[in-house]
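Chain by chain, the residues:
There are 2 protein chains.
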Amino acid sequence: MMKAVCLLSGGMDSSTLAYVAKDMGYEIYALHATYGQRTANRERECARKIAQLLGAPEFLEISLDYFARIGGSSLVDRSMEIADHEEGEKGIPSTYVPFRNSNLLSIATSFAESRGADAIFIGVQASDYAGYPDCRPEFIEAFQRVIDLGTADDTHIRLITPFVRMNKADILRTGLALGVPYEHTWSCYRSDGPACGRCDSCHYRLEAFRQVRVRDPITYAEAE
Amino acid sequence: MMKAVCLLSGGMDSSTLAYVAKDMGYEIYALHATYGQRTANRERECARKIAQLLGAPEFLEISLDYFARIGGSSLVDRSMEIADHEEGEKGIPSTYVPFRNSNLLSIATSFAESRGADAIFIGVQASDYAGYPDCRPEFIEAFQRVIDLGTADDTHIRLITPFVRMNKADILRTGLALGVPYEHTWSCYRSDGPACGRCDSCHYRLEAFRQVRVRDPITYAEAE
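Protein sequence lines, in the order shown, are assigned to chains L and W.
The opening residue of the first sequence carries number 1 in this note's numbering; numbering runs sequentially from there.
The opening residue of the second sequence carries number 1 in this note's numbering; numbering runs sequentially from there.
One should not assume that every hint holds.
What the hints assert, rightly or not - Only pairs whose alpha carbons sit at most 20 angstroms apart, straight line, appear in this in silico SDA-like list of lysine to any residue:
hint: 1; chain 1: W; residue 1: K22; chain 2: W; residue 2: E138
hint: 2; chain 1: L; residue 1: K49; chain 2: L; residue 2: D148
hint: 3; chain 1: L; residue 1: K49; chain 2: L; residue 2: H184
hint: 4; chain 1: W; residue 1: K3; chain 2: L; residue 2: G71
hint: 5; chain 1: L; residue 1: K3; chain 2: L; residue 2: E58
hint: 6; chain 1: W; residue 1: K3; chain 2: L; residue 2: E58
hint: 7; chain 1: L; residue 1: K3; chain 2: W; residue 2: K3
hint: 8; chain 1: L; residue 1: K3; chain 2: W; residue 2: G71
Said to hold, decoys possible - Partial chain W-side listing against chain L, Cβ under 8 angstroms, derived:
hint: 9; residue: F99
hint: 10; residue: S102
hint: 11; residue: E113
Hints in this document: simulated from the structure, not taken from any laboratory.
Virtual Cβ for every residue (Gly too), placed ideally from N, Cα, C.
Given only the sequences and the hints, what does the whole structure look like? Please build it.
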């Protein structure tokens with residue numbers, strides 16, 4: 001059976017991603033990172049549940065607590081506020097963790113190389129890369145080259161990004177068709193529960209559910 | 001003053017590297033990683049001393065303990081033995097930590113971006129890249145592209161590898177000219193002290209000192 005390391009945060013995108021990888025015939029090696037974010041416990045619980053439902057033989061949890069010490073992101077720096085979503089806002093959001101995806105992909109590659117995995121799945125997507133530079137397709141292509149050159153010559157690991165040209169509604173439609181249990185996923189940046197409904201992450205999640213005309217099964221503090 | 005993140009392990013190469021960066025006019029932001037290796041305490045002590053001597057405003061220590069959980073390297077897996085150096089041995093040595101340099105460079109880039117640093121110094125060198133794929137010049141070039149694409153558009157971080165085409169004796173000559181205090185550096189893979197004198201790392205260090213006809217100031221368990 002082919003093996004894939006899946007970056008599984010516990011959010012709706014990465015959970016859908018793991019279901020896509022499984023559907024493509026891969027055995028899932030789940031890689032879950034915490035980095036001092038406010039909602040770490042809830043995300044971990046969701047990620048574990050998804051991994052278990054998919055029969056993942058391994059769930060590797062890594063703590064990137066150094067991001068909190070490096071600072072500079074409202075996602076991990078508790079002295080900074082997480083802003084409400086604002087329509088039409090441009091530029092890099094305050095929740096940006098500098099170069100996070102490269103950190104995650106490096107660990108994923110170390111894990112994949114040591115397990116003889118064939119692929120790494122990461123849920124980067126079109127709607128992210130206006131704001132986050134390390135979600136761009138060119139970034140992913142450049143990282144594939146780093147993998148090819150930086151691993152042993154007989155190691156062949158493919159970086160697979162099924163969502164890179166999809167928006168969140170497309171991802172949700174894909175996941176609903178595969179039976180992803182969205183009640184076991186978490187997106188809110190602010191709270192372990194109920195979800196705030198107002199941060200960027202809640203905003204885009206709720207918008208996707210509205211677009212596909214399905215009710216989001218998780219609980220929100222206030223209706224939008 | 002220009003700022004540089006320096007990967008400072010506490011070994012002779014990275015200590016020389018930090019002196020080279022300082023000599024080039026950079027203020028040193030030291031980044032020291034431990035990853036469950038046997039000699040972590042001694043290396044940390046040396047790295048701190050070098051950073052202090054160079055007036056580094058920050059010494060960021062990060063623990064990559066996940067490497068021990070990923071396993072597969074005798075450097076971090078205590079159930080594996082570290083082999084003595086063997087002349088003419090080919091292939092990837094058992095001390096290889098899969099994709100380690102990409103992990104280190106990713107953290108260095110996060111640190112550099114958040115501090116507005118201009119450069120990252122890493123001490124990869126010619127004599128490594130027969131064995132370690134993530135020391136090759138092509139790997140470094142590919143990682144530069146990942147940095148350019150994965151950071152904010154107004155971030156410009158140059159990856160500087162002064163030793164990439166040098167051997168260990170060249171590096172040592174450079175360091176002696178700059179007054180690097182080699183008594184405050186550590187290379188042995190096996191022991192916190194005295195150095196074993198027989199692992200690959202001790203072997204190449206002692207060979208470099210013999211080639212430049214200088215006495216290595218650290219203590220060895222046995223003369224080679």
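Hints versus structure:
1. W:K22 x W:E138: Distance ~26 angstroms between K22 of chain W and E138 of chain W Cα, so the pair is violated.
2. L:K49 x L:D148: Between K49 of chain L and D148 of chain L the Cα gap is close to 32 angstroms, so the pair fails against 20 angstroms, i.e. violated.
3. L:K49 x L:H184: holds (7 angstroms)
4. W:K3 x L:G71: Holds. K3 of chain W to G71 of chain L sits at ~17 angstroms (cutoff 20 angstroms).
5. L:K3 x L:E58: It holds: about 11 angstroms lies between the C-alpha atoms, which stays within 20 angstroms.
6. W:K3 x L:E58: The given pair, whose Cα atoms are some 41 angstroms apart, is violated under the 20 angstroms limit.
7. L:K3 x W:K3: Distance of about 42 angstroms is beyond 20 angstroms: violated.
8. L:K3 x W:G71: Given pair K3 of chain L, G71 of chain W holds - Cα atoms ~17 angstroms apart, limit 20 angstroms.
9. F99: Hint holds; F99 of chain W Cβ to chain L Cβ min 4 angstroms, cut 8 angstroms.
10. S102: With a closest approach of 4 angstroms, the S102 of chain W hint holds.
11. E113: Hint on E113 of chain W: holds, closest Cβ of chain L at ~4 angstroms, below 8 angstroms.
Comparing the model with each earlier hint shows violations of hints 1, 2, 6 and 7; every other hint is respected.
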